[in-house]
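Chains A and B, in that order, are what the protein sequence lines are.
Residue 311 in my numbering sits at position 311 of the first sequence, and the numbers go up by one each step.
Residue 229 in my numbering sits at position 229 of the second sequence, and the numbers go up by one each step.
For the record, the hints were derived by calculation from the structure and aren't laboratory data.
Hints are not guaranteed to be accurate.
Said to hold, decoys possible - Okay, derived cross-link-like pairs now, DSS-like style, lysine-lysine, Cα gap no bigger than 30 Å in a straight line:
1) B:LYS345 / A:LYS345
2) B:LYS73 / A:LYS319
3) A:LYS345 / B:LYS319
4) A:LYS116 / A:LYS73
Protein chains: 2
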Amino acid sequence: MNAEIIAVGSELLLGQITNTNARYISSQLAELGVNVYYHTVVGDNSERLRQAIELAESRADLIVFSGGLGPTKDDLTKETIARHIGTELVMDETALTSIEAFFQRINRPMTENNKKQALVLDGCQVLANHHGMAPGMFYSNGKHVYILLPGPPKEMEPMFQLEAKPVLARWLNQGEVIISHVLRFYGIGEAELETQIMDLLEAQSNPTIAPLASDGEVTLRITAKTSSEEEAWGLIQQTEKELLSRVGNYLYGYNDDSLASSTSSLLIDKGLTIAAAESLTAGLFQSELAAIPGVSQTLVGGVVTYTAESKINQLGVSKDIIDQYGVVSAECATAMASRVKAMFKTDIGVALTGAAGPEPHDNQPAGTVWIAIIMPNDDVVTHELHLSDMRNTNRLRAVKRTFHYLIQLLSNN
Amino acid sequence: MNAEIIAVGSELLLGQITNTNARYISSQLAELGVNVYYHTVVGDNSERLRQAIELAESRADLIVFSGGLGPTKDDLTKETIARHIGTELVMDETALTSIEAFFQRINRPMTENNKKQALVLDGCQVLANHHGMAPGMFYSNGKHVYILLPGPPKEMEPMFQLEAKPVLARWLNQGEVIISHVLRFYGIGEAELETQIMDLLEAQSNPTIAPLASDGEVTLRITAKTSSEEEAWGLIQQTEKELLSRVGNYLYGYNDDSLASSTSSLLIDKGLTIAAAESLTAGLFQSELAAIPGVSQTLVGGVVTYTAESKINQLGVSKDIIDQYGVVSAECATAMASRVKAMFKTDIGVALTGAAGPEPHDNQPAGTVWIAIIMPNDDVVTHELHLSDMRNTNRLRAVKRTFHYLIQLLSNN
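Looking at chain A on its own, in the form it has when it is part of the complex:
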């Protein structure tokens, strides 16, 4: 089966946003064994969209659309498809109810054009949108399959994963089971990880092993295709074991885990509480932890001490330490972690202080960061980082490294 992905939106052609949807959908289709031969982007123009559909029909069996399902008059994807394939748009009552409920919840009047979002292709299977208003659609007319998805990635990605993919997998009527399992690594570069498993990468056929790097993390996706789920998991486990014998030191989690969720799970499992004192990261460490539901079992709170004075006055770091060693130092980080642990009466205290950049800070070059962690037995662990001069990359990297150190400390206990 061959597919073409058509993204609809003039903002893509104006270069205002990047077509990340095509990458996401392509990688999902690759997992289902569907070949993608073309991506197309077309603007909010009905005639040009129609031509793109006609062309796609001439060279693909499956056409996946993203964008153009919203309430405004620019949004014309489903209208154009309906006219082109000769079918009607009908009101989907479930979608309409959910749109009305949305406006009630946010206590704003629903303008008339919002109703248009609940119109769907007659005879389609409706794909629920749990993160927005416009529903998606799965439609087959015997010659082609059309999947219509909303444009915003945070609506499109879960809809594809949870709604469209299972329907498509059934439709492909595979008799085959495809299972993927993702291993997540931190603290090792993609090139280095690849070098260590090169022979396995080169010999792979089933399961396949796909490395992917982003934001300082590397993942390996193991995918097995077999006739039964049990057999697939057997193959995956064998490959996982082999991989972890090489690079297991850097593993921090699986599938949808994040560094924050792995940290939170370990803390909760061990019944430990945590507090943080943050300078350059200004709350980012705590905020990333708080993104994980249930974290109130372990995160008590903390302080943001952005200025030297607030480190002294609100956190109680001794002025002598700051005068002698500066705010970007192991000594200051240790004092901050120790003070916040005492203030919030937690088992673990964490501190981050440094020069976020782009300018140097307190005589330290941009990218210099000190992390201190004080464990329940009062053991102190400090780490110095030398990052770039990019402020927000540094702040995020410092937070990720802190999670990584915590995972290592908590896993070894």
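We have chain A; now place chain B onto it with these hints.
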């Protein structure tokens, strides 16, 4: 002049990388007033690439290619184009010298296939590659213009900016000026905003007005095409005035502004300091502010009080308030803001407390949030939000709303 952008590379169709080149080239072409009607992605397959070229020639004057100029046998962009338009590939001595110099510099032998990178379309203008080996090309045969660029963004972007764009601008021989100006809105939905300016959207020709929504924000891009910069700005200002007379209440900034940067600028301009006490957002408000360079002039710090106990013990909120009103209340938010303002001795105190979700919290449904802001004159402003049950969307929305309220308060002073 109309353009089509063709990115060549099977890794794009497999979803391994995102086509950021199309966005970059589109935004650059928009600046030159070139309309982009299609993006196409095609794999490393000569026949499918040839079909894509033929199609692009039927609907565009300018075709911009990225990718497929490297040394390996997969790289076949220029070979396919040469065959298709009936021209030869010839060795470019300057490019060859620079490739040889590159290998000398890294002290490695140059393999024979690297020479292939110095082959260019006969009669083209060569575009130098200052960040890699493969040169780009600008070629016109009277019917179409073909621009060939390398795939890696760090080679492609400077080559387009410094080499291709000036050549293209001269070729277009414009005498025309195109200026864009972006207005940024918050607190109004895209559909509602469009409804309020529908007549202007429908009547638009020059300047054009393009709405775009993302993450609860809406932007309007005004673009004018005229013979002089002065005239373009005149047209833009007239349109802006008209737009703001309708929806000016929701304007928070221009162009690259963000809610956080607009807040930070206003605070710094007015010489005011700020501290925050955060519960559900757990540092996200402070962290978003700290993403802006120079914010240490206004952000002193704050506390994260994730638990009820920490609100009492570390922040000093009275236990009575929490017992009587609960932690998700105007009273608790006000006490938090007041306490953090006093603790950190700042001009402004901000507090966020609520039920992030997905579960209810302290008898309040998920998505209930209270925001309190205490101004320099001790005026207290509180707001209640009713958001969704999506934890992290709620946390981000609560922070954005807080910035929005601060901008309104600071702009009115």
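Evaluation of the provided hints:
1. B:LYS345 / A:LYS345: Holds, because 24 Å separates the two Cα atoms, which is no more than 30 Å.
2. B:LYS73 / A:LYS319: violated (65 Å)
3. A:LYS345 / B:LYS319: holds (18 Å)
4. A:LYS116 / A:LYS73: holds (10 Å)
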